[in-house]
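Can you make the complete structure from the sequences, with help from the hints?
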Amino acid sequence: MDLEKMKQDAAALLEDGRANLVIGFRERAGECVPAFVTDADQADALTYDETCIANVAAYLRKPEVRSRRPVALVARPLVMRSLVLLKAEQQLTDDDVLVLGVGDDAYHGVLTLAETEKLLNDQYARLAPDAETLAEIERIEAMSPEERSRFWSEQFAKCTRCYACRAACPMCYCERCIVDRNVPQWISTAAREHGNYAWNMIRAFHLAGRCTECGACEAACPQGIPLMLLNSLLAREVRDAYGQTPGYDAEAQPVIGSWNTDDDEEFIR
Amino acid sequence: MSPDTESTATPTRARRNVYQPVPMTVAERREEAPDVRTLRLAFPDEADRVRFFEAYRVGQFGLYGVPGAGECVFCVASPPTRTEAIECTFRLAGRVTAALRDREVGQKITFRGPYGNHFPIEEWKGRNLLFIAGGIALPPLRSVIWNILDRRDEFGKVSILYGARTVADLVYKSELAEWEERDDVDLVQTVDPGGETDDWKGKVGFVPAVLEEEAPKPADTIALVCGPPIMIKFTLPVLAKLGFPPADTYTTLENRMKCGIGKCGRCNVGSLYVCKDGPVFTVEQLQAMPHADM
Amino acid sequence: MTQASAKPGAGTEAAEQKDWTPRIVAFVCNWCTYAGADLAGTSRLQYAPNVRIIKLPCTGRIDPLFILKAFEQGADAVLVSGCHPGDCHYTSGNYHARRRWGLFRRLLEFTGIDSRRLFFSWVSAAEGQKFADLINEVTEEVRQAGPFDTSNPARKRPWT
Amino acid sequence: MKLLDASKLDELAKTLADAGYRVVVPAEDDEVVRYTEWTPEVTIRTDAFPVNSAKDFLFPRSEVIDRYELQGDDFVAKDVAPEAPKTVLLAVRPCDAQALAMLDTIFNWDFEDELYNAHRQATTVVPMVCTEADAQCFCTSVGGAPDSSAGADAMLRPADGGTKFILEPLTEKGEALAEAAATALADGEAEPDPPAEVPVRFDPEQVRAWLDENFESDLWDLLSLACLGCGACAYTCPTCHCFDIQDEKTRNEAVRLRNWDSCGFGLFTQHAGGHNPRPDQAARWRNRVMHKFSYIPERFSLLGCTGCGRCARVCPAGMAMLDACVRIEEESKKAPAHES
Numbered sequence: 000m001d002l003e004k005m006k007q008d009a010a011a012l013l014e015d016g017r018a019n020l021v022i023g024f025r026e027r028a029g030e031c032v033p034a035f036v037t038d039a040d041q042a043d044a045l046t047y048d049e050t051c052i053a054n055v056a057a058y059l060r061k062p063e064v065r066s067r068r069p070v071a072l073v074a075r076p077l078v079m080r081s082l083v084l085l086k087a088e089q090q091l092t093d094d095d096v097l098v099l100g101v102g103d104d105a106y107h108g109v110l111t112l113a114e115t116e117k118l119l120n121d122q123y124a125r126l127a128p129d130a131e132t133l134a135e136i137e138r139i140e141a142m143s144p145e146e147r148s149r150f151w152s153e154q155f156a157k158c159t160r161c162y163a164c165r166a167a168c169p170m171c172y173c174e175r176c177i178v179d180r181n182v183p184q185w186i187s188t189a190a191r192e193h194g195n196y197a198w199n200m201i202r203a204f205h206l207a208g209r210c211t212e213c214g215a216c217e218a219a220c221p222q223g224i225p226l227m228l229l230n231s232l233l234a235r236e237v238r239d240a241y242g243q244t245p246g247y248d249a250e251a252q253p254v255i256g257s258w259n260t261d262d263d264e265e266f267i268r
Numbered sequence: 000m001s002p003d004t005e006s007t008a009t010p011t012r013a014r015r016n017v018y019q020p021v022p023m024t025v026a027e028r029r030e031e032a033p034d035v036r037t038l039r040l041a042f043p044d045e046a047d048r049v050r051f052f053e054a055y056r057v058g059q060f061g062l063y064g065v066p067g068a069g070e071c072v073f074c075v076a077s078p079p080t081r082t083e084a085i086e087c088t089f090r091l092a093g094r095v096t097a098a099l100r101d102r103e104v105g106q107k108i109t110f111r112g113p114y115g116n117h118f119p120i121e122e123w124k125g126r127n128l129l130f131i132a133g134g135i136a137l138p139p140l141r142s143v144i145w146n147i148l149d150r151r152d153e154f155g156k157v158s159i160l161y162g163a164r165t166v167a168d169l170v171y172k173s174e175l176a177e178w179e180e181r182d183d184v185d186l187v188q189t190v191d192p193g194g195e196t197d198d199w200k201g202k203v204g205f206v207p208a209v210l211e212e213e214a215p216k217p218a219d220t221i222a223l224v225c226g227p228p229i230m231i232k233f234t235l236p237v238l239a240k241l242g243f244p245p246a247d248t249y250t251t252l253e254n255r256m257k258c259g260i261g262k263c264g265r266c267n268v269g270s271l272y273v274c275k276d277g278p279v280f281t282v283e284q285l286q287a288m289p290h291a292d293m
Numbered sequence: 000m001t002q003a004s005a006k007p008g009a010g011t012e013a014a015e016q017k018d019w020t021p022r023i024v025a026f027v028c029n030w031c032t033y034a035g036a037d038l039a040g041t042s043r044l045q046y047a048p049n050v051r052i053i054k055l056p057c058t059g060r061i062d063p064l065f066i067l068k069a070f071e072q073g074a075d076a077v078l079v080s081g082c083h084p085g086d087c088h089y090t091s092g093n094y095h096a097r098r099r100w101g102l103f104r105r106l107l108e109f110t111g112i113d114s115r116r117l118f119f120s121w122v123s124a125a126e127g128q129k130f131a132d133l134i135n136e137v138t139e140e141v142r143q144a145g146p147f148d149t150s151n152p153a154r155k156r157p158w159t
Numbered sequence: 000m001k002l003l004d005a006s007k008l009d010e011l012a013k014t015l016a017d018a019g020y021r022v023v024v025p026a027e028d029d030e031v032v033r034y035t036e037w038t039p040e041v042t043i044r045t046d047a048f049p050v051n052s053a054k055d056f057l058f059p060r061s062e063v064i065d066r067y068e069l070q071g072d073d074f075v076a077k078d079v080a081p082e083a084p085k086t087v088l089l090a091v092r093p094c095d096a097q098a099l100a101m102l103d104t105i106f107n108w109d110f111e112d113e114l115y116n117a118h119r120q121a122t123t124v125v126p127m128v129c130t131e132a133d134a135q136c137f138c139t140s141v142g143g144a145p146d147s148s149a150g151a152d153a154m155l156r157p158a159d160g161g162t163k164f165i166l167e168p169l170t171e172k173g174e175a176l177a178e179a180a181a182t183a184l185a186d187g188e189a190e191p192d193p194p195a196e197v198p199v200r201f202d203p204e205q206v207r208a209w210l211d212e213n214f215e216s217d218l219w220d221l222l223s224l225a226c227l228g229c230g231a232c233a234y235t236c237p238t239c240h241c242f243d244i245q246d247e248k249t250r251n252e253a254v255r256l257r258n259w260d261s262c263g264f265g266l267f268t269q270h271a272g273g274h275n276p277r278p279d280q281a282a283r284w285r286n287r288v289m290h291k292f293s294y295i296p297e298r299f300s301l302l303g304c305t306g307c308g309r310c311a312r313v314c315p316a317g318m319a320m321l322d323a324c325v326r327i328e329e330e331s332k333k334a335p336a337h338e339s
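Chains as they are written, first to last, in numbering that gives the first Met the number 0: chain A, 0 to 268; chain B, 0 to 293; chain C, 0 to 159; chain D, 0 to 339.
Honestly, I wouldn't trust all of these hints.
[Claimed, not checked] Now the stretches of chain A that chain C is said to cover, found in silico as 3 or more residues with beta-carbon under 8 Å: (1) 3–17; (2) 132–145; (3) 184–196; (4) 233–244.
These are computed hints drawn from the structure, not numbers from a lab. All C-beta atoms in this analysis are idealised placements derived from N, C-alpha and C, irrespective of residue type, glycine included.
Written as structure tokens, this is what we have:
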């Protein structure tokens, strides 16, 4: 991958004012963490490898970042899809962002949102879901309901309700999250069984048809809860039952929020 | 901070833990303005009442609650000179205030307090007092006003400037009428432009503007200001211009609180806990904190 | 243990088990299924008394939160029922609901609330008999499935 | 000298459990190491830094503080007895033990918190000297040390090249624990291993001096730009103690709960009327740094940070208190703050 070219592009964007901020990655003590570059001469600190898992599109909901638009983001295909999806959901316009595209060990240069959409469809139309995650989903599906219940009891018992999963997700942009609403209080805020279950169910479900399976939420979870099992299960259902893979079409209707007359209703009596 | 304004709060009864409140009974409830209600609360347990009034100084607050809904912080709106019951006045804002609003006479709520510091009124004997309040922020000053009026001889001139968005939003209307009648109280009422009614006899204008126009004299006078942040922001410069020294100008901070006892960590302004070191501050103290968001 | 002392919450677990009858919460739409239930009633059709009906304007209004809350608070099963496709009073509420439930039930199954506790149906205002039959069917199936596992993470436990 | 074979930590835990202790140990749980209650099934891991802090067992993430029986519109107060089993925090990090001074202070500085104190009094603290540290460790910059015995009732010292532990009781609680563990221990001599080398990265006095002069600074905006506003740092921090109080009810019962909360959340300080004294993430992150390095020192004469580095290890945005302090110190050297 042409890292040097990416650094040069980032510097040039900042230099000529096409972007006021570049969000990419830097190395810190052997780890890859988000980097915020506002001056061209800092662009040299940028780096990228496959451990750069954070979805920096999440920053676009931050007022402090929005006030610096246009913002350029270092984005891999799954993050690009988040951006296209944000545009489809009217959260972004072409003027807000530029993309420093990375993927398949290649640097794709500076892209507009429209070019990003095209690149995705041309080169990344078939992104294989994570095989390990799918296999784990199938393993759990093969369990009895009681075993599944026990598995998730143990997982959700770890949840401290720090909401790092929500914070790390670009699609969690509600001004006031349902869990922070208390009239009425639908979801218990205590880090106990039922509140943890309801929170994790609703978080996953609010992302049904909107998750690009970038994995940022699971990576963000300090407690190691396998959140991608929930997200990927729903993503798989969205693909299989409704034939949709979100994030490829900025004109697309949301999966939940639209319908077909011939949608599956085998489960309805 | 003078020793007299330090917290005197003590738990009001022997309890299993510091968060457990005492029950109180709604003795009376009054509709003050749209969505603003006053509850008069009696102590079913005489020992709780005695402990409360041994501790209570004007300006302190309490946590009023309904089990299952939660607790809310309001000042004690009645003075320590009236020891049969206490009153609180609140605006409907969420789950707890809705539950409190729905409590009927004879039903119980929970209460813990008094917490926080207080207005050092014992230091004000013989001095004049100027009260400036906006909207729903009259209750913290109302307790001071009645405290002063109940000991009228000990203090000088009492002037009150009270404003609200509309005539309907003025709280304690019957008491305003009473103060209006009294010769020993000088009351000026105002409503925001457009908030007046046909028969409105008070002023029309924002509190800071009316204050400037009234131009009260600062000589030997303590000023107390309570209101929404925006009102305070524009009123303090007017007071300064009129010559009121910051050390003699008092206000209360109304930061969000949960515990009320210096633990939950959300009310702090700098290293000060509003629940312990406040809610009463002089403007001089506020100016010394770069941290106060006014 | 006598019948009288075996009220819910009063007896031992074994007694509860013995005297257990399913508690089913039904979220139904105002225009079709609720009218169907009404018709079943006015037609004096007999059906199992285990269902608590909660009426909403439309199945499109039934938030997944409602279902979670029902399980949290002790339901053994949840039934969601509305107008047949094409019959929605608001044109498309039931189509939206159908897609939503198609996904949400997968999530619940995956986390241990299986299909023996989640029911979906279309019942029109004219289908009083279908409603009565449905309730009987659902009640029997839940009876077979037994009480909802109190160790399921969805269920609220006593506060400690 | 009371000795234990390094391979027999599990046996020590079992002996203590048999003696009636709830034994909290760092243990492997999927791919994460966390402090957890010892059972014969757990695998103790002292080689990795636990993701949670020991505060979980003194200040639980959710705790019932009050309870009522509801009778229609009426209610009757019920007893609340904190569940405070006799506990040993075994082989925790010295920085976890050091943090107890902060918690002890905040829960007792004025009003005494009976719930916390019940847990605290029932707890014996047995840290293990760290012989390894990672890039996020900075205890030595904030008055701690990898072999600090601050807050400890007894110390576990790795010895003889990691083959043994020395159990060294320091307090009465520690003695009682050593007695309860007697059957797992042997008398003998061993050479303590050298503690980990943790370089000093900054001077907290220097940081504080800058903080005291720079409530308003462009640096806050820059430092907080990465913050996504979650509670991961606060919830894993051993000294963070902010909480929310929330009621929950069923038809017959209402409970009042104390749940962890974080100053990083936007709603933390938001008034009912909508006004927010900390309106943006810069103000919230500033409060976090100020609280630990200025407000707490000013108020209680102790530091609000023990340099455990958990906040950095868990932060999804790659933020770190260490980095912030180092940066602040750099800044203060650029434009020296007034002597305070």
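Hints versus structure:
Coverage of the segment 3–17 of chain A by chain C is violated [criterion: at least 3 residues with CB-CB distance below 8 Å; count 0]. Figure legend: the segment 132–145 of chain A, annotated as covered by chain C; annotation consistent (5 residues with Cβ-Cβ distances under 8 Å, at least 3 required). Requiring three or more residues with a Cβ within less than 8 Å of a Cβ of chain C, the coverage given for the segment 184–196 of chain A holds, as 8 such residues are present. Only when three residues or more bring their CB closer than 8 Å to a CB of chain C does the claim for the segment 233–244 of chain A stand; here the count is 5, and the claim holds.
The earlier numbered hint that this structure contradicts is number 1, and it is the only one.
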